[in-house]
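Visitor: Sequence:
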Amino acid sequence: MIQMPEAAYSSATLVTPTTELEAVNIMLSGIGETPVNSLEEVTADVSVASTILSEISKAVQLDGYQWNTEDNYPLTPDAKGQITLHPSIVRVAFREPDDRELTMRGRRVYDRINHTYFFDTGTTIYVTVTLLLPFEELPEAARRYISIRALRVFQERVVGSSTLSQFQQVDEARARSLMLMEERKQDRPNMLTGTLPATGTWRPALTLQHRGIRRG
Numbered sequence: 001m002i003q004m005p006e007a008a009y010s011s012a013t014l015v016t017p018t019t020e021l022e023a024v025n026i027m028l029s030g031i032g033e034t035p036v037n038s039l040e041e042v043t044a045d046v047s048v049a050s051t052i053l054s055e056i057s058k059a060v061q062l063d064g065y066q067w068n069t070e071d072n073y074p075l076t077p078d079a080k081g082q083i084t085l086h087p088s089i090v091r092v093a094f095r096e097p098d099d100r101e102l103t104m105r106g107r108r109v110y111d112r113i114n115h116t117y118f119f120d121t122g123t124t125i126y127v128t129v130t131l132l133l134p135f136e137e138l139p140e141a142a143r144r145y146i147s148i149r150a151l152r153v154f155q156e157r158v159v160g161s162s163t164l165s166q167f168q169q170v171d172e173a174r175a176r177s178l179m180l181m182e183e184r185k186q187d188r189p190n191m192l193t194g195t196l197p198a199t200g201t202w203r204p205a206l207t208l209q210h211r212g213i214r215r216g
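The opening residue of the sequence shown carries number 1 in my numbering; numbering runs sequentially from there.
Note that these hints are calculated values from the structure, not bench results. Because the structure is a prediction, the values reported are computed rather than measured. Heads up, the beta-carbon is just placed ideally off N, CA and C, and yes, glycines get one too. Wrong hints could be hidden among the right ones.
[To be verified] Listed next, with one range per pair, are the computed distances between beta-carbon atoms:
1. Leu-132 - Asp-111: 21 to 27 Å
2. Pro-74 - Ser-47: 36 to 42 Å
3. Gly-64 - Ser-29: 42 to 48 Å
4. Asp-111 - Ile-31: 49 to 55 Å
5. Thr-163 - Gln-82: 51 to 57 Å
6. Ser-165 - Pro-97: 45 to 51 Å
7. Asp-111 - Met-181: 37 to 43 Å
8. Ala-79 - Thr-43: 43 to 49 Å
9. Asp-98 - Ser-29: 48 to 54 Å
10. Glu-101 - Thr-163: 40 to 46 Å
11. Glu-137 - Arg-174: 46 to 52 Å
12. Glu-41 - Asn-72: 39 to 45 Å
13. Gly-64 - Thr-84: 20 to 26 Å
14. Asp-98 - Thr-34: 49 to 55 Å
Based on the sequences and whatever the hints tell you, model everything.
Guide: Shown next, in the form of structure tokens:
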């Protein structure tokens, strides 16, 4: 790996991942508007662009990727005996044997067998969760895809040009392909062994072993 001398940083132009401000400016420039220097410059277009960027970011993250999914996530009761989700959690996958007994109702875990929201002190339930992350905590490939998808939606709602929309759909498809390619590199899915490194998700190889079948 090539190391850049510290002295060179002062004279070099550093290229950094896309910021939320840059994403909004991509959207503004896509409809011919002047970029802004700060998100504090609240104009009608900046406000709409910021809202759409947040909307698209949530929609994309809801699909669940390697970078916003956590396995073996512990859920424990509070002082009242209820298990309430952190606000950033948007999906919970319960694992056997609890997957048929527990469900989410609102922001709380509900026991469908005992018909209650209350759990014994010391209870710990391990689940897989999908989280909503701030824009600038996302991988660059995801930031790029979200920015371009948000640009298309912004343009369609504000300008409504079908010609621009066609060009933007092509850029959006390319950005999505890049994001999914990066996801495959990071997650390394395998039909038999699941993801690598091994997580708490269901793994076909273990199921085969439980049935007395061994891999050669």
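Visitor: To test your reading of the hints: which numbers does this structure violate?
Guide: Hints 3, 10, 11 are the ones this structure does not satisfy, whereas the remaining hints hold.
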